[in-house]
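Visitor: Residue numbers (our numbering), protein chains in the order written: chain A, 31 to 170; chain B, 35 to 210.
Watch out, some of these pointers could steer you wrong.
DSS-like cross-link-like pairs, simulated, lysine-lysine; straight-line CA separation at most 27 Å [stated by the list, open to error]: (1) B/98 - B/207; (2) B/201 - B/60; (3) B/181 - B/201; (4) B/136 - A/99; (5) B/201 - B/98; (6) B/73 - A/99; (7) B/98 - B/88; (8) A/65 - A/99; (9) B/73 - B/201; (10) B/73 - B/181; (11) A/107 - B/73; (12) A/65 - B/136.
It should be emphasised that the hints constitute simulated quantities derived from the structure, not laboratory data.
Predicted, not measured: the structure shown is a model, and the values here were computed from it.
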Amino acid sequence: MRLRILFVLLLILPLLAMGEAKPLGDDPAVEARLKALSQELRCLVCQNQTLADSAAPLAEDLRQEIREKIAEGMSDKEITDYLVARYGNFVRYRPPVESQTLLLWVGPSLLLIAGFIGLWLTLRRRNSLLPDDIEKGEDA
Amino acid sequence: MRPYLKYLLPLAIFMVLVGFFVVGLKLDPRVVPSPLINKPAPAFQLPQMGEASKSFSPEDMRGKVWLLNVWASWCTACRDEHPLLMDISRQADIPLVGMDYKDTDAEASAVLQQAGNPYRMVAVDRDGRVGIDYGVYGVPETYVIDKQGIIRYKQIGPITEEVLNEKIMPLLKGLQ
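Take these sequences, add in the hints, and give me the full structure.
Guide: Put into structure tokens, the structure is as follows:
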């Protein structure tokens with residue numbers, strides 16, 4: 031019986047310890063906004079990771095910074111602008127449309143249009159060749 | 035379309051692609067151009083290392099062309115550039131100010147004692163807050179700041195002999 035109580039105690043003890051790990055932020059609304067915002071931002075140390083995913087110390091600092099800005103009542107745009115002013119547009123996963131990024135935004139459409147023009151030219155040429163081939167075929 | 039064009043065109047496109055790749059190979063993706071170039075250096079007030087009662091602010095350097103070098107004792111690349119910093123402090127009369135980034139005073143001063151101290155003074159940015167204002171993301175980083183307190187150049191990563199002789203030194207001469 032005493033052994034059984036000891037066993038139960040051993041099972042319960044870790045449960046008590048579990049309560050000690052506190053989340054970094056207390057307000058779930060702030061955490062939700064932080065998560066949404068940091069998924070749109072790039073970590074500069076591990077450049078293929080978002081600020082939300084990265085475990086780099088700088089990413090942790092920046093998340094803390096964003097948390098404080100949210101608590102101060104800044105809007106998402108103001109926070110993004112704050113980071114862009116320090117780290118440049120590179121921190122954004124969605125670059126803004128500017129003269130420098132214009133090719134990035136319209137490039138794919140231009141390639142598609144060029145492809146269609148190429149297709150149209152090829153088809154037209156093929157059509158004009160077709161009757162000759164048939165005539166030759168009849169001659170033979 | 036002329037017949038030979040049919041063969042030359044793919045070759046030309048291929049050569050353009052190769053050109054892009056060759057340029058891409060030489061670019062360092064870790065170097066992100068700083069938006070702070072030609073902008074005023076962000077203001078701050080930080081305690082000085084070794085003399086906690088004294089503080090340092092970029093405002094103190096008004097009227098001087100100076101270098102701000104962000105470093106840390108845990109940063110191995112900082113050791114690589116350290117001899118060059120020693121050279122700068124010996125030969126040029128350019129004030130070199132250090133910013134000890136996310137570090138402890140004990141470890142940082144141990145490094146300076148062992149390898150030599152190239153800095154006129156060292157500001158201590160223990161929690162990296164000022165680092166964020168300066169857009170620091172990979173120590174070492176070095177800023178060239180002019181007499182009006184405008185950032186003129188930012189070196190991301192260690193200063194090399196090449197960068198020092200071809201970029202920083204001519205820039206410093208021009209600014210003075």
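Visitor: Now look at each hint and say whether the structure bears it out.
Guide: Hint check:
Proposed proximity of residue 98 of chain B and residue 207 of chain B is supported: the alpha carbons are some 12 Å apart, at most 27 Å. About 18 Å separates the Cα atoms of residue 201 of chain B and residue 60 of chain B, which keeps this hinted pair within 27 Å; it holds. Taking the CA atoms of residue 181 of chain B and residue 201 of chain B, the gap is near 18 Å; set against the 27 Å cutoff, the hint holds. In summary, the hint linking residue 136 of chain B to residue 99 of chain A is supported, as the alpha carbons are separated by about 21 Å, within the 27 Å threshold.
Between the alpha carbons of residue 201 of chain B and residue 98 of chain B the distance comes to roughly 19 Å, so the proposed pair stays at or under 27 Å and holds. In summary, the hint linking residue 73 of chain B to residue 99 of chain A is supported, as the alpha carbons are separated by about 23 Å, within the 27 Å threshold. Under the criterion of a C-alpha separation no larger than 27 Å, the hint pairing residue 98 of chain B with residue 88 of chain B is consistent with the structure, at around 20 Å. The straight-line distance between the Cα atoms of residue 65 of chain A and residue 99 of chain A is roughly 14 Å, inside the 27 Å bound, and the hint therefore holds.
Distance hint between residue 73 of chain B and residue 201 of chain B is fulfilled; the C-alpha atoms sit about 19 Å from each other, no more than 27 Å. Taking the CA atoms of residue 73 of chain B and residue 181 of chain B, the gap is near 13 Å; set against the 27 Å cutoff, the hint holds. With a CA separation close to 22 Å, the supplied pair residue 107 of chain A and residue 73 of chain B stays within the 27 Å bound. A distance of roughly 25 Å separates the Cα atoms of residue 65 of chain A and residue 136 of chain B; the hinted pair therefore holds under the 27 Å criterion.
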